[in-house]
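> Single-letter residue listing:
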Amino acid sequence: MKLLVTGLNHKTAPVEVRERLAFDGPKLESGIEALLRLDGVSGGVILSTCNRVEVYLTVQDPERSIPLMKRFLSEFHSIKPESLEDALYFYSGSEGVRHLFRVASSLDSMVVGEPQILGQLKDAFDFALRKKATDVYLNKLMKKAISVAKRVRTETRIAENAVSISYAAVELAKKIFADLETKTFMLLGAGEMAELAVRHLITNGVRDVRVANRTYERGVELAREFCGRAVRFEEFKDELVNTDIIICSTGAPDYVLFKSDMKRIMKERKNRSVFIIDISVPRNVDPAINELDNVYLYDVDDLQEVVDSNMLERRKEAEKAEAIVEEEVEKFLRWETSLDAVPVIVALRQRAEEIKSEELKRLFNRLGGLDERQKRLIETSFTAVVNRLIHPPTVALKEDAEARDSLIVLIRRLYGINGDEEE
Amino acid sequence: MVILFELALTFYFAATIVGVVELFRSSKATTRMMMGLAALGFLIHTVNIILRYVLSNHLPITNLHEASSFFAWSIVLLFFYVEYRYRIGLLGSFIMPVVFLIMLSSSILPREIKPLSPVLQSYWLGIHTTLAFIGDAAFAMAAVIGVMYLVQEHFLKRKQLGSLFQRLPNLQILDEINYRLITIGFPLLTLAIITGALWAESAWGSYWRWDPKEVWSLITWFIYVFVLHARLRVGWKGKKAAYLSIIGFAVVLFTFFGVNLLLKGMHTFVR
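Line by line, the protein sequences are chains A and B.
Heads up: the first sequence begins at 1 in our numbering, then just goes up one per residue.
Heads up: the second sequence begins at 1 in our numbering, then just goes up one per residue.
Isolated chain B, as found in the complex (with noise of 0.2 Å):
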């Protein structure tokens, strides 16, 4: 098993590697080796799940280091949704390296599967974190596209039309795509929020106790609100909200991660 999760890390870092030098000279060869490596340390990492979900008998996010994996394998998944549905150069040499990292920090926190405290055994788990971390993969790919924006957009701007240039795709697709996924990972988070607020009832007895990660995540939340206020009353198109799901994203990070490890609450996991 944990061989397992080391060789969907390694067949990421080398995802990771061919995409950067796509960057600097892509081939058809190179595109389709960064999408079979993806591809395959995409098949590990499932097997690596089902086979840590069979061993406990729950989801397995119930720790930071299966959290991180679990969020590691959405993003990875959404990834080749885009990818098949868009067609869009590049954005594996993007998207592969923030994998990567998340994998990285995940294979560095401890692994082992301690018994769920009776009171989060409900099929809340499920629904709760799934919609979470699908809304959160989301936002990452978000972020992702929005920074392939400013590049072009940069670019364009200073007039450098070099190859990265021409293998970029155009700004309007980008644009469209990130706020296509914003849209995607907000009703996902409304619901997380929503659907965490019964199950707190259920297995606590409150909906709301002010726990960090409540409050990261209703200001996760408003910063979407922002978002999509910005782009669609205000105009804050293109580069601007480009900025911004680079921000939400942020916030989204140290939700993820910052909050469990710097802040003690509710969600911190069995320890």
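Only chain A is shown next, with the shape it has when bound in the complex (with noise of 0.2 Å):
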């Protein structure tokens, strides 16, 4: 039983050749089906994410499965085969247990720390052990990268930095307020990437959004998109004073919120903490009003700087992550050659219990009028000079993990098992 790992991600392939090769909604289900159908296949998780499709084999033979692999992703998809020459890539054994781990601790992610790839794992797997595709190197496989994955996270600080200006805000945002779900928001404008950050606020817990828009028919709209309401331009400011976060991000040439105007709109509140992000270029928000106590201004360099340094110190946690994982992947790949000897110390087992049993019936043949006690006697000798005799073997077999190749082949000559009668 080897690992394949089949797919593309991207880094090898544009996003028409993921979309079409994704195993979404139905196609899920039949997709493993199918692939368990394939010959020398005996366990399967689908992994399809929109930056990523990748399936986990357990087959007989790696280097066999791989051009059975490429048919079945070309004609169950209906591509041509070659359009996926370039994008597939295939890993089996150590390789693919890499992979793996590397991909649920978020290290090949597109934003490399991201925490979505590891709840994507986790449906991936939950929904192959619902469909009862998966066998037990994938199960113990599967569960080991979930918990490689925790372990990374844990031990660095990976998925603790945002890396896109939008997510920068959000997490300012966290940092400034306890629970955003009591918070009101306010988008000021409706630039794209304003966009972003009032949808990553939402997914937040934010609940209250007003939309105030030059065009007011656009606000509404846009209200309406983020189940918010629209508020008059020229009455922005008058809101303001129930607002707790603002984005602004109009294409005014000119300041439209002054330190005066936030300076009585402060007062107004109480001094309430405000949180003010114009990724306006040219910026709408004068400088200025960041003096004022409880209010913070940042703007789209500020924030871009957040995400610059956040990059930096990412990698140096990926760094980190990367030495976890290969720890973690030793680690599995120890216990995985420690399956090779099974079979061997089964069939030795099966051997010894066998030529015991025939001597034992001979034995009691030739003597004949035994009682119960002296037959249970005897036999109880039996198992415990067979038991010493295959106990060395087998503790070899188990702990001698740089000699165990030659050990199985030793021990398969020297009694006689052959290889592949077991299973």
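These are calculated hints, taken from the structure and not from any lab test.
The model shown is predicted, which means the values in this text are computed figures rather than measured ones.
C-beta atoms are modelled at their ideal positions from N, C-alpha and C, and glycine is treated no differently.
There may be inaccurate statements among the hints.
Taking lysine-lysine and the DSBU-like style, the derived pairs with C-alpha atoms no more than 30 Å apart in a straight line are [stated by the list, open to error]:
hint : chain 1 : residue 1 : chain 2 : residue 2
1    : A       : Lys27     : A       : Lys175
2    : A       : Lys143    : B       : Lys240
3    : A       : Lys122    : B       : Lys239
4    : A       : Lys263    : B       : Lys159
5    : B       : Lys28     : A       : Lys150
6    : B       : Lys159    : B       : Lys213
7    : B       : Lys239    : A       : Lys174
8    : B       : Lys239    : A       : Lys316
9    : B       : Lys240    : A       : Lys267
10   : B       : Lys28     : A       : Lys267
11   : A       : Lys259    : B       : Lys28
12   : A       : Lys320    : A       : Lys361
Pairwise CB distance ranges (calculated) [said to hold, decoys possible]:
hint : chain 1 : residue 1 : chain 2 : residue 2 : range
13   : A       : Ser338    : B       : Leu150    : 37 to 47 Å
14   : B       : His229    : A       : Ala288    : 23 to 33 Å
15   : A       : Asn204    : B       : Arg87     : 51 to 61 Å
16   : A       : Lys122    : B       : Ile3      : 52 to 62 Å
17   : A       : Glu327    : B       : Leu23     : 23 to 33 Å
18   : A       : Met311    : B       : Val21     : 21 to 31 Å
19   : A       : Asp293    : B       : Gly258    : 27 to 37 Å
20   : B       : Trp210    : A       : Glu291    : 41 to 51 Å
21   : B       : Ser27     : A       : Asn204    : 20 to 30 Å
22   : A       : Val395    : B       : Gly36     : 37 to 47 Å
23   : A       : Lys122    : B       : Val21     : 41 to 51 Å
24   : B       : Gly258    : A       : Glu234    : 54 to 64 Å
25   : A       : Ala288    : B       : Leu150    : 39 to 49 Å
Now that you have both chains on their own, put them together as the hints suggest.
So this is what it looks like as structure tokens:
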């Protein structure tokens, strides 16, 4: 049983190819079923996200399965095999384990450290479990990958640093406010980047959203999209008294919010903190506003700086994470190779048991007239002999990782155990 | 007994060191170690106080050594409560140095237990002083939280968003806890002053004698009236509230140590 990973991701394939290969909706179920029908496959998990499509299989012989997988993917998704040729990668054995661990730990992600991938992997595994598509090996592997990802997350700070402007804005908001759920938010203008930031805020709990746009209709439209309320642009300053977070992104050539405005507003709101994010270029909010107590103003450059330093920090943390992954891969491989010994140990024990019962039967026949107690004593003593004889080779097989391969060959020869009969 | 006090002091010192290390590079291990050391120190400290109670047969707060030791003890107790209740990061790194310094000043003050003058032997001793100490501990904690607020506020304003910024709690929670602590400390201080007056009446026959301690307690009381008024009526939240709580605690400290060491009065314990 060997691991084979087949897949493609944002680095190897453009989105047009990725989306055609995606196993979404009903395709996931039929995909898994079709995979399990392939020759030599005993278990499978499909991970399909917007950045990657990967199939994890346990197969008898990876070399033989690679061309099968290529054909399967192109047939299943009706794509010409040539268009997949450069996009697909294959990893087997230890490379495959390492790849999975890196994917789970978000080291292979487009945005390194982004937390979604682990959830997506868990979902993929759960689905395969429900469909009974996994075998013991895959179960162990997937569970290990999830725990490695958790270890990376707790032991490094890889996931802590915001690396997009909108994400950085949300992180800052969380350092000013304790609970975003109770905070009110206003979008001023309607830049594209601002929209992204609003979405981030909403997924982080902000519920009360107002939109003020120069064209009121566009504001209404946006407000509907965010389940918020449109405010007339001329009136936005009055609304600010009850607004905790402001994202400003109008196309105005000059400031729309001055220090004197904000001073008055702060007085009216009794100095409750305000977080203003000005992502418009040229800036729309007077920078002097940052001098006011309890007002925190960040412009697009400030946010970019946060992002840049976080990127650097994240790269450092990624190195630590790689080391953890490497350590875990090694541990897993050690466990995996110890599995190689299992069939030999089983066969050895079986062989010994066979000999024991044959010889016992013959002895009982020849002696004749033994009572139960005598028989039991003789049997116990036979068992002890057998156990003591096969104990050392069993221990050696289990524990001596370096000599294991040669030991397996040796023991098969010495005891006359054939290779492929078991299982 | 001396050993117990020194042992507690040592553990608080170790917790302080680990706490400072934690400011620069924290991990779960350092946090756990800091809490463990503080808890051990607290346990030994508690035994020390109980022993002194048993030996003297009244609450061990009748000389400045005992009083400051009890003060430090109350702060640690409150620290565990706030930590348990809010679980805000790095609180120990800021509070343990304060605890250690108070314990250190306690350690250099004379320790012998002298018999309490009969007029002071009354149940008021326990009530009055416990109220005062827990109130003061709340003010101490509020000031420390205020310092944390100012540090974090500084980072946010100057846009210095390093790793310490990442690990410090958010401004709102710091401001809330600061306020909560003052609303705990203020009524306790008020009650301490009232019970003090009642006790003075029963011991010396008059409610108020303008003893320096009384005067300074009243000043402290007015300061916290101002802190609460400024926050609730004028809207002095956040930064200004943090500054005020630090000033308030400075006055508390003066009332506590300064009055006893520099000014003479009824409260200068038994000399």
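> Kindly confirm whether 21 to 31 Å is satisfied by the beta carbon distance between Met311(A) and Val21(B).
27 Å, holds
> Given the hint of 41 to 51 Å, is the C-beta distance from Lys122(A) to Val21(B) inside that range or not?
With Cβ atoms ~36 Å apart, the hint is violated.
> Lys239(B) and Lys174(A) were given as a pair; does the straight-line alpha-carbon distance stay at or below 30 Å?
18 Å, holds
> Is it true that the C-beta distance of Ser338(A) to Leu150(B) lies inside 37 to 47 Å, as the hint says?
57 Å, violated
> Could you grab the alpha-carbon distance between Lys143(A) and Lys240(B) and see if it respects the 30 Å cut-off?
51 Å, violated
> Given the range 41 to 51 Å, decide if the beta-carbon distance of Trp210(B) to Glu291(A) lies inside it.
45 Å, holds
> Keeping to a limit of 30 Å between CA atoms, is the pair of Lys320(A) and Lys361(A) held or broken?
This hinted pair is violated, its Cα atoms lying about 62 Å apart.
> Is 23 to 33 Å respected by the C-beta to C-beta distance linking His229(B) and Ala288(A)?
30 Å, holds
> Mind checking the hinted window 54 to 64 Å against the Cβ distance between Gly258(B) and Glu234(A)?
Holds - the Cβ-Cβ distance for Gly258(B) and Glu234(A), about 58 Å, lies within 54 to 64 Å.
> Range first: 37 to 47 Å. Now tell me if the beta carbons of Val395(A) and Gly36(B) are that far apart.
For Val395(A) and Gly36(B) the Cβ distance comes to about 41 Å; the hint holds.
> Assuming the hint says 27 to 37 Å, is it satisfied by the Cβ distance from Asp293(A) to Gly258(B) or not?
31 Å Cβ-Cβ, so the 27 to 37 Å window holds.
> Next pair to validate is Lys259(A) with Lys28(B); report whether the Cα-Cα distance is within 30 Å.
Violated - the C-alpha atoms of Lys28(B) and Lys259(A) are around 43 Å apart, more than 30 Å.
Checked against the numbered hints above, the structure violates hints 1, 2, 3, 6, 8, 10, 11, 12, 13, 15, 23 and 25; every other hint is satisfied.
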